[in-house]
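Asker: Protein chains in written order, with the numbering used here: chain A, 41 to 294; chain B, 45 to 252; chain C, 26 to 82; chain D, 54 to 278.
Derived from the structure by calculation, the hints contain no laboratory data. Be aware that a few hints might be false.
Across the chosen pairs, the derived CB separations fall in these ranges [claimed, not checked]: (1) C:Glu-58 to A:Arg-165: 26 to 36 Å; (2) B:Ala-114 to D:Val-83: 51 to 61 Å; (3) C:Phe-30 to A:Phe-67: 50 to 60 Å; (4) A:Glu-52 to D:Phe-117: 46 to 56 Å; (5) D:Ile-246 to A:Trp-156: 32 to 42 Å; (6) B:Thr-181 to A:Leu-116: 30 to 40 Å; (7) B:Lys-52 to D:Met-262: 54 to 64 Å; (8) A:Glu-52 to D:Arg-61: 33 to 43 Å; (9) C:Arg-63 to A:Trp-57: 33 to 43 Å; (10) A:Glu-52 to B:Met-107: 18 to 28 Å; (11) B:Lys-157 to D:Leu-79: 46 to 56 Å; (12) B:Ser-211 to D:Gly-97: 36 to 46 Å.
Quick list of in silico lysine-lysine cross-link-like pairs, DSS-like style, CA-CA up to 27 Å [claimed, not checked]: (13) C:Lys-76 to A:Lys-268; (14) A:Lys-191 to C:Lys-76; (15) B:Lys-170 to B:Lys-157; (16) A:Lys-211 to A:Lys-268; (17) C:Lys-66 to C:Lys-76; (18) A:Lys-211 to C:Lys-69; (19) B:Lys-52 to B:Lys-157.
Note that CB positions come from ideal geometry on N, CA and C, so glycine has one too.
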Amino acid sequence: MLSYFSNPARFEAFARWASPLALLVLFGCLAFGIPMGLYFSPEDYQQGHTVRIMYVHVPAAIMAELVFGFIALMSLTAFVWRHTLADACARAAAGPGAIFAALTLITGSVWGRPTWGTWWVWDARLTSMLILFLTYIGYIAVWQMGTDENKSARLARIVGLVGFINVPIVKFSVDWWNTLHQPASLLRADGPTIHSSMLWPLGLMALAYIALFSWFVLSGVRTSIYEKQIARRAQPLASRPIKPEQMAAGDQNG
Amino acid sequence: MKSICSDKVSLQCDEVACARGGVMVVGGVSFAVGGGEAMLIFGANGAGKSSLLGAIAGRIPLMEGTLNWAVNDDVLPQRQFASNIAMLSHDGAIKTGLSVEQNLLFWCRIYNKPRTDLASIVERVKISGLEHRRAGTLSAGQMRRLSFARILLADRPVWLLDEPTASIDDGGRADISALIGGHISDGGLAIVATHEALDVPHRSLRIG
Amino acid sequence: MAEFFAMGGYGFHVWTCWGLSGILLGGLGIARERRLRRTAKLAKQHDERAKREEPNP
Amino acid sequence: MALRRIVRAVAQRDVVLSLAGGGGWLQGIVFYAVFVAFMAFAFGPGEDALRRAAAPTIWLATLFAIQLAASEMFIEDIQDGSLQTLAVEQTSLLGYVIGKLAGVLIIVGGPLIVAAPIVSIMFAVGATNLAILLPSVAMGALALSLAACVASAINAALQGGGRFTAILAAPLSIPVLIFGIDATSLAIESSQIWSVEMQFLTAMTLFLMAIVPGFSVLALRLGLE
């Protein structure tokens, strides 16, 4: 499927109908998801209205993890099949991914203030999300730092892959660390079982986030395709065409 | 000593183009050279001599074209051919904190050569007596001779030399020309990026 | 209405979260869209200039 | 074997270099000593607080000292052309990377491992046999060097001047730190060497050993283009 898109024009044609579709899904979901989340869904018997934070927090958390998986998958694809479009996809996903991770941390923290009585606990989930956020920053730094696009792309593959293999390890180790250091009194696994009246807005918001992410990737890849075109056009100006002298067989001296 | 050149090495380049930082610097280079020949790549500063040499060495990937190294007409992949190459890069691969001898001893171990070779090599590049000096205290010309000693030590059929006579005086240029001449008359192959003529029978490739 | 904004005393928390999510994601969206339009326009300009300069490629 | 020969040559050269000029080995241990002293001042002279701070202090000092040394482990070889030469002339850079790692371990890791028991004495650890914390610290030094190595290789390829080593190495170092501090604490407090934490630390080290050299070679080759 990826080789089908190796032609930028074909990708452009695909994006031309896929982008509006993603936006349609996004706004459709938001049109129902926002009112449902903010108004029509019931408040939780324990958490009260703070449960409404969940509708932006949980999808962001899911996306933060999914997006890194996406980056790793694209890195692997680029690694194995040397597919430059996969690099562009991974690059386009990194910014949104970092924002999803940041939003997860911020909304989680704001939710934690009234619920746990503190802005931050070194809870396993929070901590591993923080490290995931750091990984995103490192990944983005690789793209930002390099002067040569091609080189940055190939280095980013390494960071994407190593970062991804590391995610479960971080998760596991943080779990371990947390259970040793922190009595699990604040967070209970048996929280409120989700009622369908809450599941609907949650699902809609999650779908909206996925649509938004797809649109981010599509537009990011399109931008990088255009940027490549511009660079290619600009290139003959920057370099001088070289015409090596024809080497005659008898061109011996000395 | 020159048993390494009993195998015939050759290089065939077709329409090679290479890039630096995503920008093409050299394009449309075609030539073929073999053992017993020296090829000098001439060009002004920034013409892409080093990039082309880097591409020939397999360090910089080609943008276009093909480049084939062969031993006795068997084409080898670049990585596999690497053990036939001795490379003199722009920076001489010298540790200024180590003595001349320590520098060469390191490369002795890398190339798996006995350290008994050292004395004669130091003599051939005319830096005898400096063995225990710290490389950082050598003059620029002596440094260049020291890095050339490593090429002799490597004892490999293909020499890729980037500006071997940079910051070296007339006498030094003659010495290095003589060493390259000796190498090719032993059946070796030398490709030299240079901005000045060397006194060696050679073919030339002008870029830029 | 005021009751809706108060969110049972948790208005600050709920609106901060939704607001920030909207601002950050919306902001990135707008930035991306603008960048896409700008580069698309630039690419088109380069295309046209190239065509003008070499009428018969 | 060729690989072993190159590993030895590179490690030996780096050790000689650090002893001869610049005093690379001193840099690590001096930083370590300063850091440990500052931590002691930060925690105050109370013995209880100090005792609890012993393992974290040893680990953080080790982490920073290694990262300081490793963030520039490839830069010099790139600048003087040694790495370029090796990359062109050698079929593989694996031996070179392993040699560099061994060099860091000997030059920086070695003194730190020896210093760990001394720090514990200064931090009022009353254990009778302080050598018991050595295995975990040694294992940790290896793991942290590995994490810093791949980060440093990527950083060198980016020509980042050491700026990004810390952020790139952080996600890899955190699990090491988590298991390592626990393993050392347990060793100090209850003389357990082969604790579950130590087993996980070992597993993490093995994991890093499996992935780091290959990815470092890739990054270095990229950087030379």
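Asker: Can you give the numbers of the hints that this structure goes against, from lowest to highest?
Answerer: Hints 3, 6, 7, 8, 9, 11, 12, 14, 16 and 18 contradicted; others consistent.
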